[in-house]
Structure formats: C-alpha cells, structure tokens
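Q: Residue strings, one per chain:
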Amino acid sequence: MKHLLSIEELDRAGIERIVSQAMRFDEVSEREIKKVPTLRGRMVLNLFYEASTRTRGSFELAAKRLSADVVNFAASGSSIEKGESLKDTVLTLSAHKPDAIVIRAPWAGAAELVSRWTSASVINAGDGKHEHPTQALLDVYTLQRQLGRLDGLSIWIVGDIAHSRVARSNILAFGRMGARVTVCGPPTLIPHEIESLGCEVRFTLDELGTADVIYALRMQRERITDSPIPSLREYAAWYQINERRLSPRQLLMHPGPVNRGVELSSAVVDSPQAVITAQVQAGVVVRMAVLYELLSGARAPSTSPAPALA
Amino acid sequence: MPLAALSSNAAAPVDLLFREVHAIDPRVGLDGLRDVRVRGGAIAELAEPGSLTPEDSEELVQGEARHRLSPAFFDPHVHLRSPGQEHKEDLETGTRAAAAGGFGGVIAMPNTDPVIDSAPLLRSLRDTAARDARVPVGFLPAITRELAGERLTDMAELRAEGALGFTDDGRPVMSARVMRSALRYQRLCGGVLALHEEDLTLSAGGVMFEGAVSAALGLDGIPGVSESSMVRRDAALAAYEGGRVHFQHLSVADSVAAVAAAKADGIAVSAEVTPHHLLLTDESLRGLDTAFKVNPPLATESDRVALIDGLRSGVIDCVASDHAPHAREEKEVPFEQAPMGTTGLETAFAVLHTELVLGGLLELGLLIERMTAGAALFELPAPSIVVGQPANLTLLDLEASWVPGEHGWESRSQNSCFAGRRLQGRALMTVAAGAVAYRERTFSVVGV
Chain A
881 MKHLLSIEEL
891 DRAGIERIVS
901 QAMRFDEVSE
911 REIKKVPTLR
921 GRMVLNLFYE
931 ASTRTRGSFE
941 LAAKRLSADV
951 VNFAASGSSI
961 EKGESLKDTV
971 LTLSAHKPDA
981 IVIRAPWAGA
991 AELVSRWTSA
1001 SVINAGDGKH
1011 EHPTQALLDV
1021 YTLQRQLGRL
1031 DGLSIWIVGD
1041 IAHSRVARSN
1051 ILAFGRMGAR
1061 VTVCGPPTLI
1071 PHEIESLGCE
1081 VRFTLDELGT
1091 ADVIYALRMQ
1101 RERITDSPIP
1111 SLREYAAWYQ
1121 INERRLSPRQ
1131 LLMHPGPVNR
1141 GVELSSAVVD
1151 SPQAVITAQV
1161 QAGVVVRMAV
1171 LYELLSGARA
1181 PSTSPAPALA
Chain B
5 MPLAALSSNA
15 AAPVDLLFRE
25 VHAIDPRVGL
35 DGLRDVRVRG
45 GAIAELAEPG
55 SLTPEDSEEL
65 VQGEARHRLS
75 PAFFDPHVHL
85 RSPGQEHKED
95 LETGTRAAAA
105 GGFGGVIAMP
115 NTDPVIDSAP
125 LLRSLRDTAA
135 RDARVPVGFL
145 PAITRELAGE
155 RLTDMAELRA
165 EGALGFTDDG
175 RPVMSARVMR
185 SALRYQRLCG
195 GVLALHEEDL
205 TLSAGGVMFE
215 GAVSAALGLD
225 GIPGVSESSM
235 VRRDAALAAY
245 EGGRVHFQHL
255 SVADSVAAVA
265 AAKADGIAVS
275 AEVTPHHLLL
285 TDESLRGLDT
295 AFKVNPPLAT
305 ESDRVALIDG
315 LRSGVIDCVA
325 SDHAPHAREE
335 KEVPFEQAPM
345 GTTGLETAFA
355 VLHTELVLGG
365 LLELGLLIER
375 MTAGAALFEL
385 PAPSIVVGQP
395 ANLTLLDLEA
405 SWVPGEHGWE
415 SRSQNSCFAG
425 RRLQGRALMT
435 VAAGAVAYRE
445 RTFSVVGV
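Taken in order, these protein sequences are the chains called A and B.
881 is the number of the first residue of the first sequence in this note's numbering; add one for each residue after it.
5 is the number of the first residue of the second sequence in this note's numbering; add one for each residue after it.
It is worth saying that the hints were derived from the structure and are not from the lab.
Do not rely on the hints blindly, as some may be mistaken.
Which stretches of chain A does chain B cover? Using the computed rule of at least three CB atoms under 8 Å from a CB of chain B, they are [what the hints assert, rightly or not]:
1. 962–974
2. 1062–1069
Residues of chain B placed beyond 12 Å of chain A at every Cβ, according to the derived structure [to be verified]:
3. 62
4. 208
5. 220
6. 223
7. 248
8. 316
9. 403
10. 432
A partial selection of chain B residues facing chain A, derived with a Cβ cut-off under 7 Å [unchecked claim]:
11. 336
12. 424
13. 427
Here the structure is a predicted model, which means the values were calculated and not measured.
Cβ atoms here follow ideal geometry from the backbone N, Cα and C, with glycine treated the same way.
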C-alpha cells in the first residue's frame, strides 16, 4: 500500500492487516523505552491546514516511536499565509524528500491531490468533511480490543453526521468489518441519501436500546448560528447520551474533544462503558501500524520518480 | 428598434463548391446528396449531385460518404471572458474554439470584469469582435448593474447598441420584484431575458449536486429544487407580465417538467441544455476532479434521462455549451476552492454525436436542429442551407476518431470535462457568415 487516502479504498483484509499490526505495536507502548528502530532515518512530514492537537500529536508520537524524524508544518506563519497554492507547497516540501506526508486540510480530496504531486506516501489525517481514515481504523481497533470482533454488532453513530468526516469513515469501516450501522441525529444534520453508504437512518433515540455500541459525535456550536438546530438545549434534550439512555451492556465511544453536557452527560463520560481514553491510546499504535504499512516495504524516496509537473 | 446584429472580422467572402456532398438541413427537409455552390459568401446554387462543374475561381470540396454538410451550429451561451479575464479566454481564442467545434455564431455572456452593463462597454466589445472574432459574436449585457440583482441596466440604450437580450448569467435575479421590473421594461426595449435559475438561499455553500455522491464525499450539496423553484417563479412572472424568457442550462428533471408546464400554458419560454448535463452525472465527481465542477452541478441519472427526453421532445429548444474557460492554476486546487465551469465549444458536437446519435438516443438530423436552433430564440435568422442565404455551413466528418486535447486546444483554457475521451465525429471545416472560419489541419481540399 502506497497511500492511506480513505477507508473507501480499503477492503476488510486491508483494515484487518493494519489493526493486527497495531496489536503487535501495542506491546511496544507497554515497554519502558517506547521505541523501535523500524523507521530510523525516514522522514514524516506533518502538513496541517487546520488546528489539531490530538491527531497531530498522535501522528508525531507514532512516528517517533518508530524512530522516524518528524517535521511539522502548520498553515499559520508559513508560505501558505502568503498565498502559496497547495500544489506549490507540496512541491516545495517534497524537495526535502519526505518518506510520508500526513495532511489535514479543510477540503475534501486534499490528500488525494497531494498524492499526485509528491513521490512520498500520503496519509489523510482528515480532508474536509470527507474522510478521517486513521480515526476509523483506531475505532475498529478499539472495538476489537474491547469486544473481540465487529461482526453482527449494532453500532449507532449519533449527532452531527453532515459535518463529520469521522462519521463517513466510520460508517464505511464498521460496515466492512461486519457491523450494522445506524446514524441518528436531527434531520437537518443528516445528509440526503446518506443511506447509500450502507447505513440506516433514525431521527430519534427511541430504538437506541438495540445498539451494542453508541458512537457520539461532537456537536459544534456554530451549527446553531447556521440554523440546523434551534438550540443546544433542544439538541441535548433529544440527542444527548446520558445515564438514562445508556444501558450497562452498551459501549460508548467519542472521537473527542467532548462537550460535556451537550452530546454526552458528564456521568456517561466518566462511566465504565466509556472507552474514550482507550480510543486515544489506540490512536498511537494504529498510526504506527499505518506508517509501518506504508513505509516499511518502500524503498528510499531518492529512487522513486520525481513528481510530474503536469 | 434596430435589428440586433452580430460582430466578427469575417475574412473575404468565399467561393466554394461542395460536390456530391451529403447535405442535411432538417429545417428545410434537406437530407441527401447535393452539389452546393457558395459564391461571394452566399449559397448560390443547390443542385443534383455531380451536376455543377467546378470553376477555376472556386475551391472544390469533394464529398465523401463520411461527410455531412450541415448548417453551422449556433451557441447561445458562451463565456469569452473579455474584458478583464483574458488569461482564461478572449474574443479571438474563444471564437477560434467555436469555429473548430463547427459553430458559426455564438452569444457571449456579460459576467466579465467589468460586467458588460453599459452601452459604451458593449460598443467597444462589438468593435473588438469586429477586429478579432473568427465567427460572429452577439452579446447579452447584464439585466442588473454589476450583476448585483438590484438596479436594471440601461436596457433600451443597450438594445440600441446591439444587445441581443439580457442576462445575469452566473447569478440569478434573486429579487422577484427586480425580475418583474425587467419583464415590464422588456415591453419597451424587447430582447430576450436569459435566466440562470438558482435560488441562492438554497444553494449557498454548495459545490456539487445534493445526493448520494455529495453525502459520500462530505461536500455541501445544491438541491435540484434551487433551480426548478426559480424556473417556476419566473415562468409565472413572465406569464403575468406577458414577457419572454429563456431558461439557461437546465440541469434537473423537475426543471424540464416546469418548462413543459409553462409551454403548455402558452407562456413565452424557451430553454437550453448543455452537453455535459446531457451526458454526465454527479457520479463523475467521485474522484473530485475539478473539471467536473460546473454550475448548475451535474445531477443524477434520472435527471440526465429527463434532459435527453426534453431535448428530443422539444421542451428543451436547443443545445448550448456554456463554454466556461478557466486557467489551469485556477482549477488545480482542492475541489471546494475551484471555480465552476467546463469548456465545451470544441467538443459539443463530437460528444453528443458519439453518445446520443451513435448511442441511438437522438437522430443526427434532430441533433443538428437543436444545435442550430439557438439563433432563432434570440431573433436571429436560423442558419440554413437555402439558396440566397449567407453561407453558414459546417462540414462534418462522422467517422473521425479523436481524443479532445490530444493535439491541444484552440481555446486558451483546457478545463474540459470531456478531455481524454475517445470521440467519433468532428467538424472539418466551418464557414461562418460567408467566410472560412476553420479548416481542420489534416483536411485538404481538392483543386485549390
């Protein structure tokens, strides 16, 4: 595998391969010296067009545990602010011959575009509202650790589906791993024809009891000003996962950061069913596995062809 | 009101003899082998095949089985980008592209920089066209100043300066009140109002059609009803004011239904459709290739089928390319940032011939009718193969197999959504307003 651009292009075997590799790396994170020399001398370049502390930190930690060198480029204070195009930024950074570029950008397809302009492996760390494949992989990993397998599970993804790249990647990944996915949220935040991704749609939590896993999404405050929901109060009344709605046999997930009192009550965040911190831990080992998958077999970039200027 | 006219730098009127050529003009029931003589830029004789003797002074084109001699196509909707955006296109390159696509006349849109919204600007553009344009160009100045949708342009003065009609193309006239004023003022100045229908409050933020593909890509969608609801509003306003409107680039089935209903009610409406809306759907966007980012957005398969049905039945009157050139660096950006539009003049006939005619969905004669019908909608004479008429002719090679872009483009821009497809059929020679506007490079004539 050369790039990780989306879950869409991964099949079940590909997901399983990365998750199994992550299980092997999990052992490393338990050691006193949390580092292996696997990617020594390789360079991983983080190119982040959006603020992100968690995902970027997680990638950085993953690369460092594999002994790769990490360089961070953020959109602020760089040539990007001076009006340089994405293409020129990528061509410029590629001149340093990175082995992998991790990109987060507010535009759908940004990672795919970058892959056309560089000979490095490209990892999509979130492209607009399109996909966030490493999040989906770490969520699959977390569920496998907790429950053994996803086959036959009923997973409800609850909240703002329309604006969530996590929702899109997870609908696909959970489905490919054999789970039945239901998305639930206010009708104004569920895209038309989202069913075509292979999920069911509910507008109320009435049947939430049938879920084995509840995956809550962050509710962003700006959705109130653009009017899809009348108020956070009304949203919480209808869609908040709280102690009345969460049953002891259900697992609760969230990609973070959590708005306590909005999509989740404080009590459920702190409950034993919540695996939110396990997801964060999984992030590092899964990203190690992704870097390993893309880079361990690859030759040094000096032998690969120069990016086409076409 | 003076007759609105077209402007071009038409070269010396040509003397030509098309001998034993299969001439086809559905408007006059012509479909068979003929000798067609053009003398001094006008069609001088139509005779039985082989009956006319070539003269020394004229160029001889010997017909072959693969040829058809058609009236030159007419495109009522192109963006020539002049003034102000000549890095994308200008009157010379745009009309060269038109001629290469078999078009003998085009109508340019006013969403330039500055907007074509005043008589002096229109006059200067017509002068430029008279110097630079390969094929005749007509202009539709703006309905509202700076396309702001607020105050009408000096429509009567613009008409006196040669405006064929008016449009705010690229934007709708959002205010029903302003639209109504334009329709009332039309009684004074005439001129078709060509309308880009899009309810901006519904389409806001959207970058593609709202449906399964936008849901999968996480892109904000533009619902089809943002177009069709405006078609219905403006048909109702046109009915109330007795006005004449033309709906540009229909994209969804519901708009076709709205136009059909308006026509059934006797309202003076007409409509156009582009080759890309006839042949492509939002499925093309799964790869997020910005070449497919157009406005209105490519819709679904059922919309596409309804557009083809509408074109066949005549609910949709004509084909228009909506030729919208953009520079490479403008399109080579993330999808959400890219401007909307595809070039179309050089590929329009070839893609429709390949997909609809050879695909058995539309007969060649009907395609030719729909590709020439735009002229009459704007009160211009329809190009036709009739003795005494100015020569507006396109010699087609129905068997030519080619790939758009393989030998470059006549247009200054190359943002074609059809680039790289193998096509069958193309123009070999275009005669516009009595002069040769285009000759395919490998096409040689006999006896020059």
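Q: State for each hint whether it applies.
A: Hints and how they fare:
1. Requiring three or more residues with a Cβ within less than 8 Å of a Cβ of chain B, the coverage given for the segment 962–974 of chain A holds, as 3 such residues are present.
2. For the segment 1062–1069 of chain A, the stated coverage by chain B is not satisfied: 0 residues place a CB nearer than 8 Å to a CB of that chain, which falls below the threshold of 3.
3. Every CB of chain A is more than 12 Å from the CB of residue 62(B) (nearest about 45 Å), matching its label as outside the interface.
4. Once the 12 Å rule is applied to beta carbons, residue 208(B) is inconsistent with being away from chain A; the minimum gap is 10 Å.
5. With 12 Å as the threshold on Cβ separation, the claim that residue 220(B) sits away from chain A is violated: the shortest Cβ distance comes to roughly 6 Å.
6. A beta-carbon of chain A comes within 12 Å of the beta-carbon of residue 223(B); the shortest separation is about 5 Å.
7. Every CB of chain A is more than 12 Å from the CB of residue 248(B) (nearest about 35 Å), matching its label as outside the interface.
8. For residue 316(B), the non-interface assignment is confirmed: its Cβ lies about 28 Å from the closest Cβ of chain A, beyond the 12 Å cut-off.
9. Residue-level check passed: residue 403(B) sits 31 Å from the nearest beta carbon of chain A, beyond 12 Å.
10. Its beta-carbon lying about 30 Å from the closest one in chain A, residue 432(B) satisfies the requirement of being farther than 12 Å from that chain.
11. Proximity of residue 336(B) to chain A holds as hinted, the smallest CB-CB distance being about 6 Å (cut-off 7 Å).
12. Nearest Cβ of chain A to the Cβ of residue 424(B): about 12 Å, over the 7 Å cut. The hint is violated.
13. For residue 427(B), the interface hint is violated, the least distance from its beta-carbon to any beta-carbon of chain A being 22 Å, above 7 Å.
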